[in-house]
Amino acid sequence: MAAGERRRSQLLRGVLDLCLLAVVAEEPAYGYEMTKRLRARGLSIVGEGSIYPLLGRLERDGLVETHRAASDGGPPRKYYRTSRQGRRELAAGVSEWQAARDAVDAVLGLAEAEVEA
Amino acid sequence: MSEFVEECRREWKRLRVPDLIANEMAADLAADLREAEAEGASAEEVLGSGAFDPRSFAASWAVERGVVPPPLTDQPPRRSLIHPAIAALTVIAAIGAALAFFPSRHDSVSSPQFVPRLKPMPPAFAVPGNGSGVDVHAVGLILLIVGIVGIFLSMLILFWSSRAGPDHWTRRRTYVDHASGGPGYS
Chain A
979 MAAGERRRSQ LLRGVLDLCL LAVVAEEPAY GYEMTKRLRA RGLSIVGEGS IYPLLGRLER
1039 DGLVETHRAA SDGGPPRKYY RTSRQGRREL AAGVSEWQAA RDAVDAVLGL AEAEVEA
Chain B
247 MSEFVEECRR EWKRLRVPDL IANEMAADLA ADLREAEAEG ASAEEVLGSG AFDPRSFAAS
307 WAVERGVVPP PLTDQPPRRS LIHPAIAALT VIAAIGAALA FFPSRHDSVS SPQFVPRLKP
367 MPPAFAVPGN GSGVDVHAVG LILLIVGIVG IFLSMLILFW SSRAGPDHWT RRRTYVDHAS
427 GGPGYS
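Protein chains in written order, with the working numbering: chain A, 979 to 1095; chain B, 247 to 432.
Treat the hints with caution; some may be incorrect.
What the hints assert, rightly or not - Distance windows between CB atoms, simulated: (1) B:D265 with A:A1048: 20 to 28 Å; (2) A:A1081 with B:V337: 56 to 64 Å; (3) A:L989 with B:P264: 43 to 51 Å; (4) B:P315 with A:S987: 23 to 31 Å; (5) A:V1082 with B:I267: 39 to 47 Å; (6) B:L399 with A:L989: 50 to 58 Å.
Said to hold, decoys possible - Think about it this way: if two alpha-carbon atoms lie no more than 20 Å apart in a straight line, the pair counts; the simulated SDA-like pairs of lysine to any residue are: (7) A:K1014 with B:A273; (8) A:K1014 with B:A284; (9) A:K1056 with B:A276; (10) A:K1014 with B:A289; (11) A:K1014 with B:A287; (12) A:K1014 with B:E283; (13) A:K1014 with B:E290; (14) A:K1056 with B:A334; (15) A:K1056 with B:L266; (16) A:K1014 with B:A282; (17) B:K259 with B:A282; (18) A:K1014 with B:S288; (19) A:K1014 with B:R280; (20) A:K1056 with B:A273; (21) A:K1056 with B:D265; (22) A:K1014 with A:Q1076; (23) A:K1056 with B:W406; (24) A:K1014 with B:A277; (25) A:K1056 with B:E283; (26) A:K1014 with B:E291; (27) A:K1056 with B:P316; (28) A:K1014 with B:E285; (29) A:K1014 with B:L266; (30) A:K1056 with B:G312; (31) A:K1056 with B:S248; (32) A:K1014 with A:L996.
Read the hints as simulated data drawn from the structure, not as lab findings.
For each residue, glycine too, the CB sits at the ideal point set by N, CA and C.
Chain A with its partners taken away, still in its complex shape (with noise of 0.2 Å):
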């Protein structure tokens, strides 16, 4: 795996679990949905681990609420949606992802900066 390929998972490994979270606090939906709705948003899990154990692990913690309902035309789904106590952790962790965003920036904009200079 070439390093920013590496770098990518790895960043991609510390959310992913907010992503999911964000994608079933708009609307509920099922597992191959979310992935679509990520990729559609130009987060593609390619090469990287399946949504799935990890919605076992939010399913278990009370992160998400689960309930079955028909699908287009297919068999019935289940669908994952935010549960109350999913939220807080989901606005939490937002907090988080944006402080440490906003410190990377600064720290990456200065050696922006230097390139450029």
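Given the coordinates of chain A, work out where chain B should sit on it, guided by the hints.
Below, chain B without anything else, positioned relative to chain A:
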């Protein structure tokens, strides 16, 4: 793709995931894979790197969902004790050799000094004929034999464990524990 689901089912059965939960997970997975296939998406787009290792994928899903306990770290039992045991047995054998082969104060000059006594030995703590107390040669010979046999058995166990691999001892299959998100996530 159905082969992938069947592999997962087998792994869940092996891990003793309750049938109800295993069926539910298998049905969800199969439906997602069917939909992806119909849309022309690859299994990797649905499963990520888990697409290449169904058993590991299935095990990590079950563990993360909390329906089976996390696997123990596979370590050959007491393997770490084998090396210290060999060292201790070597010391015992060396002490035994020293006692058995080197002359004591009570040995006569004509006694063979570096040849083990092959004549019938008295019991280790029997009082020998010269009345000097414990027969240190007999004790030494016993320690030597115990040491050599112990070293041999330890080496045998060490050799066996290295050939059998870590699974041999626990009879459990390992999978990489990707704690938070299955294969690829930690």
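Going down the list of hints, with the structure as the test:
no.: 1; hint: B:D265 with A:A1048: 20 to 28 Å; verdict: 23 Å, holds
no.: 2; hint: A:A1081 with B:V337: 56 to 64 Å; verdict: 57 Å, holds
no.: 3; hint: A:L989 with B:P264: 43 to 51 Å; verdict: 36 Å, violated
no.: 4; hint: B:P315 with A:S987: 23 to 31 Å; verdict: 28 Å, holds
no.: 5; hint: A:V1082 with B:I267: 39 to 47 Å; verdict: 40 Å, holds
no.: 6; hint: B:L399 with A:L989: 50 to 58 Å; verdict: 52 Å, holds
no.: 7; hint: A:K1014 with B:A273; verdict: 19 Å, holds
no.: 8; hint: A:K1014 with B:A284; verdict: 14 Å, holds
no.: 9; hint: A:K1056 with B:A276; verdict: 12 Å, holds
no.: 10; hint: A:K1014 with B:A289; verdict: 13 Å, holds
no.: 11; hint: A:K1014 with B:A287; verdict: 10 Å, holds
no.: 12; hint: A:K1014 with B:E283; verdict: 13 Å, holds
no.: 13; hint: A:K1014 with B:E290; verdict: 13 Å, holds
no.: 14; hint: A:K1056 with B:A334; verdict: 60 Å, violated
no.: 15; hint: A:K1056 with B:L266; verdict: 14 Å, holds
no.: 16; hint: A:K1014 with B:A282; verdict: 10 Å, holds
no.: 17; hint: B:K259 with B:A282; verdict: 25 Å, violated
no.: 18; hint: A:K1014 with B:S288; verdict: 12 Å, holds
no.: 19; hint: A:K1014 with B:R280; verdict: 14 Å, holds
no.: 20; hint: A:K1056 with B:A273; verdict: 10 Å, holds
no.: 21; hint: A:K1056 with B:D265; verdict: 17 Å, holds
no.: 22; hint: A:K1014 with A:Q1076; verdict: 24 Å, violated
no.: 23; hint: A:K1056 with B:W406; verdict: 48 Å, violated
no.: 24; hint: A:K1014 with B:A277; verdict: 14 Å, holds
no.: 25; hint: A:K1056 with B:E283; verdict: 19 Å, holds
no.: 26; hint: A:K1014 with B:E291; verdict: 9 Å, holds
no.: 27; hint: A:K1056 with B:P316; verdict: 24 Å, violated
no.: 28; hint: A:K1014 with B:E285; verdict: 11 Å, holds
no.: 29; hint: A:K1014 with B:L266; verdict: 27 Å, violated
no.: 30; hint: A:K1056 with B:G312; verdict: 17 Å, holds
no.: 31; hint: A:K1056 with B:S248; verdict: 19 Å, holds
no.: 32; hint: A:K1014 with A:L996; verdict: 16 Å, holds
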